[in-house]
Amino acid sequence: MSLDISRVEDLIPNINQEGLLNIAEIAEDTQSQNRVQEKTKQHLFGKGRDLNYAFIGSNYATSFGKFVYRDFKEGLGDIKEKELYTQAKEALKRFDGEIVIDLGAGKNTDGYRIAELGKAESYVAVEPIYFDDLKDILTYFRTKERADETLLPYTIVPEDMLSFLKRLPNKSVSVFAGGISEDIIVNKEYLRNVAKEISRVLSDRGAFISTSSDIHPVDLQCLKYSAFEVYTRKTE
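For the sequence shown, my numbering begins at 965 and goes up steadily by one.
These aren't lab readings, by the way, just hints derived from the structure by calculation. Small disclaimer: the values here were computed from a predicted structure and weren't measured. Heads up, the beta-carbon is just placed ideally off N, CA and C, and yes, glycines get one too.
With a straight-line Cα cutoff of 30 Å, these simulated BS3-like cross-link-like pairs (lysine-lysine) come out:
hint	residue 1	residue 2
1	1108	1053
2	1053	1198
3	1188	1071
4	1130	1152
5	1071	1083
6	1135	1188
7	1152	1188
8	1198	1057
9	1198	1046
Here are the simulated distance ranges between beta carbons:
hint	residue 1	residue 2	range
10	1109	1054	21 to 29 Å
11	1134	1044	35 to 43 Å
12	1100	971	17 to 25 Å
13	971	1169	24 to 32 Å
14	1185	1101	30 to 38 Å
15	1101	1191	22 to 30 Å
16	974	1134	18 to 26 Å
17	1107	1157	35 to 43 Å
18	1054	1160	23 to 31 Å
19	977	1083	17 to 25 Å
20	1163	980	14 to 22 Å
21	1047	1154	28 to 36 Å
From just these sequences and the hints, can you work out the full model?
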């Protein structure tokens, strides 16, 4: 069992590595860290926006995750909750054997656990602000909560989501996004470009699962539920 964080090139074959910063290096380099954060702010947010406020949306991953984490016993949970639980479990089958990219992962374990439950091949957290915190949190979680289990290979990428998606090969991954909304990311053109890139990189058998997010890939077919959306490639 390895607790070590993986290199992104080991998890995603043929990724474009040009200019890609290594999580271990940037965590120790304040100048590089500030550069990544400033670049992200320029890409996404209007003038005067608080960077911490801008990324609280990542916590909305729980609005999907709560239906997956809990097991409903007979007599517990109302009918609507049980229905959402069943729908979420079914949606996660699309992550089986996939490389799962978590856009704007924040600083919690939700995306990692969702990828685990979906039996993903590996998990890549894309987080340009809280990457150092996320590394500590996932290291603790994997050490304390998963010490006796086979661990899901993972890495953290300190880069904004659009820049990272552009590095990926066509039809190579599945994607998860929680709380990436227009209220938080005011650059709507940026979100539209993210959606286009998701359409390009989404694998034939995978899915883009979105909850509380304003990312809508128009080239994909969408199954809408009350708490989340599942995008897949259109069938012939």
